[in-house]
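Student: Here is what each chain is made of, one letter per residue.
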Amino acid sequence: MTASNELAVEMKGITKRFPGVLANDNVDLQLKHGEIHALLGENGAGKTTLMNCLYGFLEADEGDIFINGEKVKVTNPNVAIAHGIGMVHQHFMLVPPFTVTENIVLGGEPSKNSMIDYKKARKEVEEISEQYGLQVDPDAKVQDISVGMQQRVEILKALYKGAEILILDEPTAVLTPQEVEELVSIMESLTDEGKSIIFITHKLKEVKAIADRVTVIRSGKWIDTIDTNSATTNELANMMVGREVILELEKEKAQPGEVVLEVEDLYAKNNRDLMALNGASFSVRRGEILGIAGVDGNGQTELTEVLTGLRKKESGTIKFKGREIKKPQTKRLFEEGISHVPEDRQRRGLVMDFSLYENLILGRHDRKPYASKFKMNYKTVKNEARRLIKDFDVRTPNEVVKAKSLSGGNQQKLIIAREFDREPDLLVAAQPTRGIDVGAIEYIHEKLVEQRNNNKAILLLSLELDEILSLSDRIAVIYEGEIVDILDVEDATEEKLGLMMAGAESEEVEGGNDVGR
Amino acid sequence: MVDKDISEKKANYLKSMKIFDYIIPILSVVAGLLVGAIFMKIIGADPIEAYKVLWSSSFGSMRGFSEMLVNTIPLIFTGLAVAFGFRIGLFNIGGDGQFLIAYLASAYIGFLFQLPMYFHLPLAVLAGILAGGVWGGFAGYLKATLGVHEVITTIMMNYIALYFVGYMASGPLKAQGGLPATPKIFDSAKLPRLMTGLRLHWGIFLAIGAAILIYYILWKTPLGYEVRATGQNSDAAEFGGINVAKNLMLAMFISGALAGLAGTSQALGLEYRAYQPFGFIGYGFTGIAVALVGKSHPLGVVLGALLFGVLARGAMMMQSMVGVPKEVVQIIQASIIIFVASEYIFKYLVRKWRERKGDVIDAS
Chain A
2 MTASNELAVE MKGITKRFPG VLANDNVDLQ LKHGEIHALL GENGAGKTTL MNCLYGFLEA
62 DEGDIFINGE KVKVTNPNVA IAHGIGMVHQ HFMLVPPFTV TENIVLGGEP SKNSMIDYKK
122 ARKEVEEISE QYGLQVDPDA KVQDISVGMQ QRVEILKALY KGAEILILDE PTAVLTPQEV
182 EELVSIMESL TDEGKSIIFI THKLKEVKAI ADRVTVIRSG KWIDTIDTNS ATTNELANMM
242 VGREVILELE KEKAQPGEVV LEVEDLYAKN NRDLMALNGA SFSVRRGEIL GIAGVDGNGQ
302 TELTEVLTGL RKKESGTIKF KGREIKKPQT KRLFEEGISH VPEDRQRRGL VMDFSLYENL
362 ILGRHDRKPY ASKFKMNYKT VKNEARRLIK DFDVRTPNEV VKAKSLSGGN QQKLIIAREF
422 DREPDLLVAA QPTRGIDVGA IEYIHEKLVE QRNNNKAILL LSLELDEILS LSDRIAVIYE
482 GEIVDILDVE DATEEKLGLM MAGAESEEVE GGNDVGR
Chain B
23 MVDKDISEKK ANYLKSMKIF DYIIPILSVV AGLLVGAIFM KIIGADPIEA YKVLWSSSFG
83 SMRGFSEMLV NTIPLIFTGL AVAFGFRIGL FNIGGDGQFL IAYLASAYIG FLFQLPMYFH
143 LPLAVLAGIL AGGVWGGFAG YLKATLGVHE VITTIMMNYI ALYFVGYMAS GPLKAQGGLP
203 ATPKIFDSAK LPRLMTGLRL HWGIFLAIGA AILIYYILWK TPLGYEVRAT GQNSDAAEFG
263 GINVAKNLML AMFISGALAG LAGTSQALGL EYRAYQPFGF IGYGFTGIAV ALVGKSHPLG
323 VVLGALLFGV LARGAMMMQS MVGVPKEVVQ IIQASIIIFV ASEYIFKYLV RKWRERKGDV
383 IDAS
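Those sequence lines, one after another, are chains A and B. With positions in the first sequence counted from 1, the corresponding number in the working numbering is that position plus 1. With positions in the second sequence counted from 1, the corresponding number in the working numbering is that position plus 22.
Think of the hints as simulated: they come from the structure by calculation, not from any bench. The C-beta atom is built at its ideal place from N, Cα and C for all residues, glycine as well. Careful, some of the hints might be misleading.
What the hints assert, rightly or not - Listed next, the in silico DSBU-like pairs over lysine-lysine satisfying Cα-Cα at most 30 Å (straight line):
1. K403/A with K242/B
2. K376/A with K403/A
3. K72/A with K268/B
4. K222/A with K270/A
5. K332/A with K383/A
6. K206/A with K74/A
7. K270/A with K63/B
8. K242/B with K391/A
To be verified - Partial list, computed: chain A residues near chain B (C-beta under 10 Å):
9. K328
10. K332
11. Q347
12. P370
All chains, please: the whole structure from these sequences, using the hints.
Tutor: If you want it as structure tokens, here you go:
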């Protein structure tokens, strides 16, 4: 062990280039022994790139890395692991059909007579989980345990390999509020044991609640490293974004009108042919935003896809504007007045190799005034595109560039422009702000509220509880493909929603009552 | 705004890389010729002499020029067929089968009855289009309804076409006499020749017309929009209400019809009957190379077909005049395809070079 005044990790002047992009520009980071250090920045600021340089997934073009005072060339993850660095990725790298024990020892299995010694492995896993207070069931299969548990397995995996320094990449993104609290206490007990932790995040509240110090980076550049106590959430936001940001969304009370969408007892299967929607029922009225809160993978994707004709329903009824839609077909629903902001903009929402003007007519490309039967009116299309780009503040040199040349936020604005321009009666917005910068988030939130005020019905599906709470007028909680409860936003708290998202009945949640069904 | 600068720079960067889409095929041709020269050196031939012959065989005389274009016509059609398939994300390997079916169908209409030319010729051409289209479209149907991969079905259907046409030409439709072929077609179904004494026929206009039509379809019509959207991202196409299955079938029909036109022009422009085939001529396969070199763009396909037409013509002349075996031309063709296909390496090197120059653009 090194002297206490030394740093666990020091990264000096790290520069990393990608084709056409300077992802890290002379970035410094210092991690003290036993501290929790937040790495804060917007999406695309270069946080993950910096950590990938430390973990050896990428090699920095310039700059030096010191681990416990020793200069190290981290050419691949094995070097990082040998120096006591462990990384828990945003998307877990576990083998689902394997047991917890098997996953933890994977790559360093204890062996006896060239056979894996499962008994020893299991014992080691139990010991290590006891030592750090990370309770897991060593014999459970990873596919059968919750996401929070899977994260523990990932952490244990790193500890098993002897990690002294842990990198957690957006660890709270997939957790319910209660699971976040558990994670925080785990992190604290780890630092008590002398571990040092870097955690990557773009959530300001977490920085304040969890970290001792924070390093802020913006557009690949180091901005500042400070004690978290010495700055307010607003100041941190300004550092991260580079200008004043309004964290609270102003909106007047909703004036809901007639019911636009009515879903009764909806069943649908997922891609693995398992039932993902188990009798979901809810309705959305004009002039309101109904938020669907839930942990990822509880049927949100399937719900969106059924409502937009991209997935077959097994049973149940969908009534739109008072009429039942027997066979939802994408094209017909489009024409009936349902717009859709898909959760995966690059896979569903845009043709990345198409120009902006071509993308802006996707879905109405065969209709007047954009086309007649055998001829596209690209002149009209381009004129319309220029108007939309201006109206929706899409930052681009012109309408001819390809969608892939835009930043994530501008790509999302492009989709919003296309979907809002069609003046829909119902807007299904799935993860409308995932992975985009704060400026674009603010803009899209404003636009959603504006649509609501224009008497449109909006169904909002989001994994970000903050987003659901700040935008919705009513909140429906989805759990295992069922709507467990619908609350007015005034009655909803993060704690209450969190418990329901984890499957608790509303009666079990203190003060919860059935509203608005 | 900072944002604007970034996307502008990024767009400029992508634009500046786009020029390599044009440069790479040209560089590949040059590199392919160099590889050919090395092989000639190894076997003791004079590459400069050989390449002079290669050039003059196509451009040294009217006859040579005509013969070269005769080679080019079917390659434009099959090249377009493959290119159109690529645009929607399908790999039509069945060009040879579609060629043969259309070849027989056009010849059949050609000898079946005598009609006025303005009626007979279009009818015979149409027969080829339909036959090739249905042959290709069936593979599209299997793909769209049952998810059977088009590479498998089109390869298999090549053999069905080969033996079916062989059987028909040497059996039920065989002309009297010893020749395993159908009767000769009537003059009214022939694609006229451009000049007496030369074999070049009106098929060249059909081919260029087809290239223009395909260009128009792809970039000027709603169908082309849907085809390209489906090819680039079928999930997004589905999201946009596009009937992906229908478009797959239609695209395979069009692709098959294009390959079929190669067979049609062979029957109506050159051979005036359908012979029993003793194997694939390989236009369908060469069409893949043409589409690759031409970057699946109709103009690129025409240029690529010309290149392969020149090489095919030159292969024979180089063998007879400077003793370079015609296999060397196959080496040249193969190297060109390899170079085009390894475009990633070119782009990678350029990128590295630009990075070294410090010509890097801001963070995204």
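Student: Against each hint, give a clear statement of whether it holds in the structure.
Tutor: Taking the hints in turn, this is what the structure says about them:
no.: 1; hint: K403/A with K242/B; in the structure: holds, 18 Å
no.: 2; hint: K376/A with K403/A; in the structure: holds, 22 Å
no.: 3; hint: K72/A with K268/B; in the structure: violated, 61 Å
no.: 4; hint: K222/A with K270/A; in the structure: violated, 45 Å
no.: 5; hint: K332/A with K383/A; in the structure: holds, 23 Å
no.: 6; hint: K206/A with K74/A; in the structure: violated, 34 Å
no.: 7; hint: K270/A with K63/B; in the structure: violated, 65 Å
no.: 8; hint: K242/B with K391/A; in the structure: holds, 25 Å
no.: 9; hint: K328; in the structure: violated, 14 Å
no.: 10; hint: K332; in the structure: holds, 3 Å
no.: 11; hint: Q347; in the structure: holds, 8 Å
no.: 12; hint: P370; in the structure: violated, 13 Å
Checked against the numbered hints given earlier, the structure breaks hints 3, 4, 6, 7, 9 and 12 and satisfies all the rest.
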